[in-house]
Structures are given as C-alpha cells and as structure tokens.
Amino acid sequence: MSSTRTTLFSRHGILAWVVLATGLLLVMLVWLSLREERARSAEAQFELHAREVVAAIEKRLRDHEQILLGGAGLFDANGEVTRAQWQHFVERLRLADNYPGIQGVGFSQAIPPARLAAHIDAIRAEGFPDFTVRPAGDRLLYTSIIYLEPFVGRNLAAFGYDMFSEPTRRMAMQSAVERNATSITGKVKLVQETHSNDQAGFLMYVPVFNRNLPQRTAEERWRALRGFVYSPYRAGDLMQGILGESDLLVDFTLHDGGSVAADALMHDTGDARANERIKPPRHSTIRHIQAYGHDWKLTLRSRPAFEARFSSPLDWLVPGMGAGISLSLFALTLSLLSRRQKAMAMAGDMMAKRAEFEERFHQLFLHTGQGVVIHQSDGRILDANPAAERILGMSLAQMKGASPMDPRWRTIHEDGSNFPARDYPAMVALREGHAVTGVVMGVWNPAESGWRWVSMDAYPRNEGIADQEQRIYSVFSDLTEQRAADLEARQSRKFLSDVLASASEVSIIATDPDGLITVFNRGAERLLGYSANEMVGKLTPAVLHVPEEVVARGHALGNQFGRPIEGFRVFVEMAERHGSETREWTYVHRDGHLIPVSLVVTPMREASGVITGYLGIAEDITQRKASERELRESEQRFRSMLETCPTAARIARAGGHDVIFSNRRYSELINVEPGQVSGLDPSAFYANPEDYADILLRLGKGEQIFDKLVELTIPGVGNKWTLASYLPIQYEGAAAVLGWFYDISDLKKIETALAEQAQHTQAILDNMVDGIITIDQKGIINSFNPAAERIFGYTVEEVLGQNIKMLMPSPHRDAHDGYLNHYQKTGEARIIGIGREVEGQRKDGELFPMELAIAEVSRHGKPMYVGMVRDITERKRMERMKSEFVSTVSHELRTPLTSISGALGLIVAGALGALPEQVQQMIAIAHKNSQRLTHLINDLLDMEKIAAGKLHFDLQPQMLMPLIEQALKENQAYGVARRVALSLTADAPEAVVRVDAQRLMQVLGNLLSNAIKYSPEDETVEVAVVVSAGKARVTVADHGPGIPASFRSHIFQKFAQADSSDTRQKGGTGLGLAITRELVERMGGQIGFDSKEGQGSRFHFELPLWNVPASTSDTPLLAANAPRILVVEDDPDVAYLLHLMLTGSGYAVDTVSNGTAALEALQQSRYAAMTLDLMLPDISGLDIINQVRQQPETAELPIIVVSAKMEEGRLAINGDFAGIDWLAKPINEARMLDMLERQLSRVGAARPRVLHVEDDAELHQVVKAMVADRFDFDLATTLGEALARVAQEHFDMVILDLGLPDGSGWDLLPEIRARLPDARVVVLSGTDMPPEVSRRVEAVLLKSQISPRQLLDALSSRIQPKIQGDRA
Amino acid sequence: MSTLQRILYVEDEPDIQAVAKLALEMVGGFTVKVCSSGEEALREAVAFAPDMILLDVMMPGMDGPSTLMALRELPSLAELPVAFMTAKVQPAEVAHYKSLGARDVIAKPFDPMALASQVRAIWEA
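Protein sequences appear in the order of chains A and B. Under the numbering used here, the residues of the first sequence are numbered 1 to 1368, in order. Under the numbering used here, the residues of the second sequence are numbered 1 to 125, in order.
With the rest of the complex left out, here is chain A:
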C-alpha cells in the first residue's frame, strides 16, 4: 500500500482527510449526545433505586417495630406471658417467611438485683437447670433474656444474657425507656454470633412497662419497667432480607452514625465483591435513615450490573460505526485517489514493463524446456518455440500455419488409442474458451521416429480486442523420460508390491521402530491366521511368539551384553548390530498351534542411517524340521541297518582313504578288530590299488558302482574275492562313500568249478556221438549239438529257433504240436520218458530210423525237453542184415542137418542092420548131437523170428486143459528117462484161452523139460492150473536145486544157463526160457518164477481167459453217438480181430457172419461203414455190394473189402509184407498215383526209377502215361526179363503184375528183396477181384496184412472226410 501512503501524504489526500475529519466529527457529536442522554437516564434510575432501598429499609424497620409493639402489647394485655404463650405468639408471626433477617423476638426481663436469685431459681424451675444470668456481676439493674423465639440454634446462646450489661445495648435500652419509644442499638456483636461469618448486628427494643404504674416521666418509667420486647438483627441478614435481589444493581454500605468509619460499618454489600471492582462506581449517593434514634448513613453505589444496564453496544457501536464509516470513506477516498494516481503511474510503468516482459517472455519462449506453441484463433500455428520443435520433431517453418487438424500430427492417448485433433487441448480451449491443463498425450516425433509423451496445457488469451487477436498458448512438457522413469518406477514398485503381496509362502512383517506392525503381507496372513487388518497399526509381533522363548532369548542376550534386553528389543538387538539376524523361533497361529519358523530380522534405515523400522521375513520350517528329524531318524535307521546287515559295509570319507563307519562283518572281512577299523585306509586291502583309484575316479564323476568284482588281499588271511558296490552318499552332513562287500570267495570257487564242469559237459555234448536236442514247451529248438548237426544235416544256425517238427516226417510233423500239447495238458507221454524208435527226416529229406529218448526238465519254471537222438540206421541195417543172415544161414544149416539127422536116425533105428557095440555107441552119439544141432538151429531161428516179429501165431480160443494134458503126455517119456514123475495137481476144466496151440505146447514143453532136467531122480514135477481174476495160471514146479540169486536176473536171457557144465550134461540150447517168454507174451500172457537156491523152482505163466464176446457187452464204453460199423465176416478170428480194432478206436461194432444177416442188419440200423469179406457162405460179396448199393439209404455207405486172398504170395516171401502195397485191378488211376506218391516220397530221390513188370503192353502204356512225367518208367514184360533187370539195375520201385506169362510175379519178390532191399513194391492183384467190386469199394485190404492203422485210416477217411484229408 505504499502507493496509498504516498497518496496519504500528498495533496491528493487532503480530500480524504477532510472526509475523515468530517465524519469523525459527526460521529463525535452523535456519540456525545448519546452519552449525555445515557448518563441522565442512569442518574435518574439510580436515584429511583436509592429511594427504593431507603424506603424498603425504613419500612422493614417499621414492620419490625410493629412486631415488637405487638409483643409488648401482649405483655400489656396479659400481664404475664408464659413461655408457651410467647412461643405461640412468635410462631404465629412466621418470621422466617415474612421477615427474613429477623433473628427472633424475645423478651428480656428487667430484674432488680434483689430479685435476681429468685429469678434464676424460677427460670431453673421451669426446666432449665443450668440457667443463669450472664454475665455475672453486680449491677444496678439486670435484664435477663427469658424468652427468645425461635428458641433454637444461635438463639439459645442468648438465653439468660443480660443485655443491659453491655454498653451499646444499654444505651438503646435506656433510650427506649427514657423516650418511651422504640430504639435500636448501634452496631453490636450479637451473642448469637456463635459461629463464623460474623455479621454486624443491632437490636431493637420496645420497653414494656407495668400498666399499673405511671409512666410519665423517665424515672417513673424506670420503675415501671418490666422488661423489653426486643429483636436481635443480623445486619447482613436483615439487609438481604429487605433488599433481596436488588442488591445486584446497587451496592450500599450502612454505617451507624454519621461517619463512615469502619467500626461503624453495619453492612457492606460490596464487601464480598470488592475484588470485582475494577473501576469506581458511576453513581453514588448518600442517604440517611433515621432509625429510632440512630442515624444510619446509607451509601449507595451503582454496581456494574446497574451500570451495565445503561451501557449498550450502541455506546461503542455508534462511534465505532461512525468512525468506521468515516474511516471507510476516508480510505475509500484515499484509495480512489491513490488508485487514480496509481493508475497513472501504472500506465507509465506498464509501458516500460510491457517491453520488459515481452523481452523476458521471448527469452523464456526461446529457452524454456517446455514446448510452447501459439495458435491463432482458428487454431493454426502461429509460433512455436525451439523446445516445441525439438519435442515435436518439426521445425517452426514446417509447423507454421498448420492446423491441429492437419494429418501430420499423430497423437495417441496414454492407452494407445487415437487422440483426435478436436480433443487437442488447444482446440478444446479454443472451443470452450477456458484453459485446459494436464492433458497427457503421445506425439509422434518424425525426426526421432518415436513417440514423445507430453503433458499439455492450453491457455486461451485475448491479446487484442478483436477475436482475431485471440491466441491459444499450448504449453507442454516433455514427459517422455520422466514417463519412462515413472513407468519403470511404477513397474518396479508394482513389482515389489506384487512380490510382497503375492509372496504367500513367505511371511513378511514390517514394524515401525517401536515394534508396531506396519506391513503384514499375505504370506504372514496365511501362515499365522491373522488378517492384515487386525495386525497393521495395532499390534506388535509379540502376540505371534511364544512368551517363554522370547524371555529365554532375552536372558541370553542380557547375559551376553550385560544389560537387560526384553520385549521387542530381543528380536532386533542383534539385527541392528550385525545388519540382520537369522534365528529359529516358534510362531503361534491364531488358533494356538505352534509353527517353527526361520526368521530373518533386518533393520530398515533411511539414507542417514536412522532406523525407520524393522523387517521380519519368516519361513515356515515345519517341513524342514520334520525333514531334519526324519533325516536324523533315517541316519539312525541307516546306521542300524548297516550294523545288522549280513553284508560287510563301510563308509569312508569322500576321498576314500579314511573309514568313518563300518559294521561288524566288515571288520571280520578285513580281519581287523572292530575297534581298530575306524580311520583305516580301505585302499590298503585292495589286491590291485589301481582298482580302488579307478573306483574313486568313477565315484567322483557321480557314478554308482554295483556288483564290481574286487579282489582283496587281507593280511593274515589271503586273497578274497568280493562283489563290491559303491555309492556316494551324504553321511552326517558330509560327502562320503558307502561300500558293500559280499564275500564271494566261496562262490567264486564254486563258479570256477561250475565253469569247469560246464566246459566238461559242453565237451561231452560236443563230442558225443548221439545228438542232443533241447526244445522248449512250444517245441522250439533251443540247442542242437554237433552230433545232431551231423545226424540231421542241418547246422545249428539253421535249426535254432525253429520248431522241432521240421526234423520229423509226415504225419508226425503235423501232429507233433498236438502231441506236445496233449502231453503238457494230460501228462500222457508217447515218447517222453519212454523212448522209442521213430523216423526222422534229414535236411535232404531222407527218412531214417532213430532212437529217441526224451526227458523233461524244468528251466526257469518252464518245461524243457531234452531229446537224445541216435541214428540207428546202421544198427537197423545191421539188425536186418543179421536177421537176414541168421535166417539165411539157418536155412542153409538146416538142409545138411536134415540129411545127417536123417541118415543117422535110420542107422540108429536099426533099419540098416545091427551094429557092433562101439559102432552103435558112436552112431548114437552122432545122432544125438545132430539132433541137438537141429534144435539149436530151430531155436535160433525162432528167436530171430520172434525178435523180428515174424513168428506167426494162429490164435484160437480153445480149452486149456486138453493142451496141458497133451504136453504132460509128450514129456512123460523124457521124465521117465530121468526117473522123474509128472503130476497134475490142479486143473481148471472150464478155462478157455486164446492161444496158438503149437506154441503153447512149446512153452509147456520148455518148462516141463527144464523142470525134469533139473529135478533130482525120483522126484516129482507138479503142474497146476488155477483160474482167478480172468486169468489162468499154469505153474510148473520142480524140487531141484533152485535158481541162485545171482542168476535170477539173467534167467530169461538168451543163452543163459545157470551152470554151463550142467548144460553139457543136461542138454538144452540155453534159448528155451527166452523163447518161452516171448511166446507167452505174444499170446497175451506173463511168465514168472519163484525159486530159492536149494528149494526148487516154480515157473508160472498166466494167460487171459477168453470170453465169447457179446455184441457190445464187454466192449469199452463208447460214446453214445459213436459211429456204428457192420462187420461182415465168417471167420470168427478175423471177426474178433476186426471187432477189437474197431471198438478200440471208439467205433460201435455189429458182427454178422453171412450175407443175409448183413443185409438184414443194414435194414434195421444205420451204419457209418461196413467191412465185407468177399467169401461168404451164402451170398457172394459182390451180390451184397450190388444190393447194398441199390438201396437208397445205403447207396453211399462206405464199404471196406477185407480179402483173404494172396495166400501163396504170403508164403513166398515168408509173410514179409513190409514195403509192399496192393492194388486191385483194374487200376484206379487216382489210387495208383496216390500210392505211388506215397511210396516214392519215402524214397526221396528226385526222379525215381520204376520198373513196371507187366505183360500187358497196353496197360503199361496206360500206367506210364499216368505217371511217367514224375518217374523214370521201365518195362519188363516177362519174369525172366524182370529178374535180369533187377539183378543188374537199380530201381527205386517195382510195379509188379502177378499174372506173368512165364511165372508168377511172386517169384520176383525174393530177388527184389535181395538185390533192391530198399525198393518199394507195388503188387497189382489179379483178376479175381471183379472190376465192379473194385470200382465200388473204397479200399481193398488184405486180411493178412491188415493193420489196425490201415483199417481205421480207411474207415475214418471215409466217415469223416472233412477232418482227415488222407486217403487210404
């Protein structure tokens, strides 16, 4: 306001002064008059008030006088007033209500001295034993207050008081008497002032005279005085009572007398309020009250309350306002003046300033870091400062004149959305006419090819009068860097707070320096169960801890630092010293359960180092603690385990040269006392120290070593082999190596032994002559030794993994899987465990006989089969050769023998005359021995035949007993010759057996002759026949030397005789029992013997009894739907045989013996097939066939012809039908081919050579045509030619027509046998087979050749054509 001041004291200000003065003056006047008015009013009021007071006092005094007068009147009226009367009187007055301030009304009796004692007694007699008049003393006149009502409280003190004794009172009393008027005392102290708060007091007396006495003069009155009715008054109380509340306004002092001395002060209302007096009272006045002889001076002063009534705000308001108005006017004037002046000065200044400002602005414009763009009123850019150029990336020249709508501007919002030009602050400001500030936008800076962020303000300014002069100032600051920094800071803050917030696994609690929690993150919430709200700002971490822990730690810290550390300090003390402290504590969850934690406490400091708080990061280590405990337990278990494990174990420090733990077995292993093991270097025990170094190296790479073969050298023991395993482990917190050692020294020895044994076994396998093949349960070949390779012609590689059946010919090849399965399922073996001769097939297809023995073993729980194969081709050949040789030789031998035996027989018999004795003896010897030879040869031949299966048995059911008897008879002579008797001790007349009679005789003969031979002379040989259990047992017993134990097992062997010397004596070939056994077994029986040396022998054989078979009665159980075959055969043997064969294969059989019965049977039942003998007694087989074929039901019935022809052929080759097949003429091509195929497949040659011996050239052509492309066909038309060719050439097969011009084909057979032993022969049967038959029957079989297999094959192939593919 300097300008104002300036104005103030300038001439321009005079006006203002004038105004002020005028104003003030006016105000003054007004104010003064107001005051005057006021004062007058107050004065008047005061006067009024004073009068009121005076009046009130005077009135009251008069009232009081009235009371007293009343009292006096009572005395005057009654003469004597009793205490009770007085009491009633005063009661009626209702002093308290009506006359506050009056103490009471009383009567004081005037008592001359002479009546004092009596007065006292009289009063005492009223019931006041202590009454006395006080003060005591001699006086001229006594007064005694005898009544004072109310007679309570202070008033009691006045009882008996002699007021006359007191000067002030006396004066008043005297005055009263003398003037005979009411009088009051001056200021007294009442006797009632017994308490504090003494007041000034006075009394008012009204004299009571005796009415009867004159009262004209004073003296008279003294004599007439009875007493005084009086009232004591406390001045204060009285005044108060009189004036009540009005003393608020007026203070007065009441003085007794004219002075205002203090001892005359009766009452001063202002006393109590002396302190409140600040200034003297405005009004005061003095009044006088004539109060019954006293002059009371009443000084009245106005009180502030009174004064206040007469002061009002107007007192000050008016002048104030006035002054104020004046001043305002003054000021206004002043300011107007000064303003004007100022304006003038300003105008001048402004001009100067403007120029300055413009300059300054320009500088600012140029240099400011903020961009400034000035737009015209249409928005186009007028100017832009360098900062704007820089920020926007454009020069002024480029920008000038451009409108914000110009597409060159590219702007975006903070969120990247487009910032339209119309929203530019400048445009908004332009449109709306007001400043727009703080708009953040991104601007594309083409010079930098980047966005710049700016905060832009736009200010519209009018720089001229007209609108064209309007300018918009856009000011923007480049926020880019700041924004980036902000962003970064925000990001990092966000990141931090995200971290803190989301750290839900780690509890973060921050506190202020005193421990009050400031941060309680999510992790803490989760861990402790409190919410942040409950904790932040409200509590310290103390609630989270176990108090005892804190206290204990406090003690520890206290001891450490020598001063007490408690409460929150416990947590932070160490952290402060060392920067942070990590310690394990127990947190207490809200629900009370305990959580072990690891707590890191860090003080947070600001730059100056002052601590701003503490940070506590806690991690729940329940798991860790549990893990630690588990680890400890685990280590414990581990140690226990190691201790008790049966393998030697030791733990060495990592580095491997220092044993830190070992179990007992380890110390046993290394032969060291258990106590001495610790600290040993295990490498000392390794036979090869490099082994251990290598082990350590591998362990160092992190390998685990298992089952390494390690040789140890143990001092005092020697070398041991162990299987060692090594493991790098953690042991008691440090890296270590665990080593297990399994002592396999023994095992090693065993292993070595086993290896040697395996080698040995392998050598055996490799070198043995027989083939060993092992197969698994599926038949796959597992092993194949060199001998097997040799035998089969395959190499090991060719067969391993293949099925064994590749080594078998058909049909076994196909059936083998079945055989194996069957065995595995049922355990029934055909070969396994049994061994038999079978055919094998070599690689080149050649079939060969082999002996096969198979054993089952178990390997890895699965069955395996070990087969031993012996190629018995040679043996077979040898056997065949031998038997052929034997039979040839036997034949050869027989011939000359016949002659010798014959000749000698003649001579011995004496047919040629008598002989000299010696000659006779010689001849006899010769003859006997030639016979012996013959027997021997026969026996030999028999054995061979039996062995070759060529012995023919003509088995017939017949009665047994006749045969027995016949045998006995035949041997009788022999027995007689040796003086041994034969007796039949038991017989079985009903026994029927099915035997070959001749052979049975042979058996009996052998047994009997043996028995006779070995019986001593005169002994008996007993024969018994017993039937039991379907068998007939024939026993031949002798009482000879018996059979020694050593011989028992050999007795049935060929050429076995107990004592060869005996042989010479007893004869015999030694073949007897062997042959006998064969014969018995062939007839279905069994032979045995009982014998003890020295106790004779009992030879017995059993034969099954023969029952006539019922049609189905004793056949095996058949399936209900077994196919039914009709057997048509008149020869009962053959019928029986067929029956047996067929039922044994599961067929049901009906047998008929003639054609008629056959036809009938066919009518009655359905048959699956029929066997037919052609030679039937009644109808020829052919007719039967015709009839059967004509019936529709049996047109398709399979018929098998079983023919008995070809007997002569049989004889010619001694029944040796092996390798011969039969074909009936005319030839069925398919059948012939089939047969040829079959036969020749056995030969195995690529292109077999066949000799066809046939006289019918045409037929030959036919046959040749049929088969020539597969075979090399040669023709011989006569027997002679055939013989010659067979002798010279090799043929694989001979097809033989029996009907040759120069002989029977039969004659060729022996030759074929001799020259071409391996050749197959196909015999073409003769014309006795009607063509119709052959065409209409399925197969023709020869009875003598018949094998069950053939028949069944023929049958089954016809009955179940789909299942069996083979053709008969």
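Hint data in this document are derived by calculation from the structure and do not stem from the laboratory. A few of these clues could be false.
[To be verified] Subject to a maximum C-alpha distance of 27 Å in a straight line, what follows is the list of computed BS3-like cross-link-like pairs (lysine-lysine): (1) Lys843/A to Lys876/A; (2) Lys969/A to Lys1031/A; (3) Lys882/A to Lys108/B; (4) Lys538/A to Lys494/A; (5) Lys88/B to Lys882/A; (6) Lys876/A to Lys805/A; (7) Lys928/A to Lys33/B; (8) Lys98/B to Lys928/A; (9) Lys1054/A to Lys882/A; (10) Lys400/A to Lys33/B; (11) Lys945/A to Lys928/A; (12) Lys21/B to Lys88/B; (13) Lys189/A to Lys59/A; (14) Lys1054/A to Lys88/B; (15) Lys749/A to Lys708/A; (16) Lys59/A to Lys279/A; (17) Lys108/B to Lys98/B; (18) Lys843/A to Lys749/A; (19) Lys928/A to Lys88/B; (20) Lys805/A to Lys825/A; (21) Lys748/A to Lys708/A; (22) Lys825/A to Lys862/A; (23) Lys778/A to Lys862/A; (24) Lys1054/A to Lys108/B.
On the provided structure of chain A, position chain B as indicated by the hints.
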C-alpha cells in the same frame, strides 16, 4: 626122442570124450586118461605121468588156461607139452593160447582119424 605114449585128455563133454578117446586109442594107439574137469586133471596128472596133455578150453569151473597154469605149477609137468582143443581157432586166438604156454591148438570139430597124427605132430615139434 622118446615116443609119445601117454596122453592126458581133459574134456567135460562125455560124447566128445568117447569119440576122442576112441580115436586116440584106436587110431593112434595111445594110452589115454580122460579127466572131466581141470580139478580132476590136477589130481590125476602127476600120478598118470602123461607125455602130453590135451586140454579143452571151455570147461565149467577151471577152464583150459587156468588148468594149464595150475599144471605148470607141478614140477613134473612144468615142461610137458600141452595142446588146447577148441572151436575158436582164429589166428589171434591161436597166438593167444600159445602165449599161455601151449604148444599148439587143435580145432574142433576134429577129424577123429587125424587126431592122433595131429597130436603126434605137436609133440614132435
């Protein structure tokens, strides 16, 4: 050279005994003692004081070779010529019998007419 007169013939088979004895006595004119077993031969040999012994090979009890060895124990028979008689006359077998101490082996069956000269031939060799 003394003549062969007395022959001890050891053979268990009676028929052959008869034939051989006849052949030797009748044809060769020797004195023949027949023993049916090696044991009997040992008992009788010294007493009989043969010039030569003919031993069957296949005999029960003591067979030919055993009998020979036993006989050789006897001082008076230690050097006596001995011949075996057997059907097994393969060259190898003959060598074997000779190695046992026999002078030679006579094959069975023998020709009774030639037996005597065979024996004499062995004795003279």
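A quick look at each hint next to the structure:
no.: 1; hint: Lys843/A to Lys876/A; result: holds, 20 Å
no.: 2; hint: Lys969/A to Lys1031/A; result: holds, 24 Å
no.: 3; hint: Lys882/A to Lys108/B; result: holds, 25 Å
no.: 4; hint: Lys538/A to Lys494/A; result: holds, 26 Å
no.: 5; hint: Lys88/B to Lys882/A; result: holds, 21 Å
no.: 6; hint: Lys876/A to Lys805/A; result: holds, 23 Å
no.: 7; hint: Lys928/A to Lys33/B; result: holds, 24 Å
no.: 8; hint: Lys98/B to Lys928/A; result: violated, 33 Å
no.: 9; hint: Lys1054/A to Lys882/A; result: holds, 16 Å
no.: 10; hint: Lys400/A to Lys33/B; result: violated, 174 Å
no.: 11; hint: Lys945/A to Lys928/A; result: holds, 25 Å
no.: 12; hint: Lys21/B to Lys88/B; result: holds, 21 Å
no.: 13; hint: Lys189/A to Lys59/A; result: holds, 24 Å
no.: 14; hint: Lys1054/A to Lys88/B; result: holds, 20 Å
no.: 15; hint: Lys749/A to Lys708/A; result: holds, 17 Å
no.: 16; hint: Lys59/A to Lys279/A; result: violated, 32 Å
no.: 17; hint: Lys108/B to Lys98/B; result: holds, 17 Å
no.: 18; hint: Lys843/A to Lys749/A; result: violated, 43 Å
no.: 19; hint: Lys928/A to Lys88/B; result: holds, 23 Å
no.: 20; hint: Lys805/A to Lys825/A; result: holds, 19 Å
no.: 21; hint: Lys748/A to Lys708/A; result: holds, 13 Å
no.: 22; hint: Lys825/A to Lys862/A; result: holds, 14 Å
no.: 23; hint: Lys778/A to Lys862/A; result: holds, 11 Å
no.: 24; hint: Lys1054/A to Lys108/B; result: holds, 23 Å
This entry does not satisfy hints 8, 10, 16, 18, going by the numbered hints stated previously.
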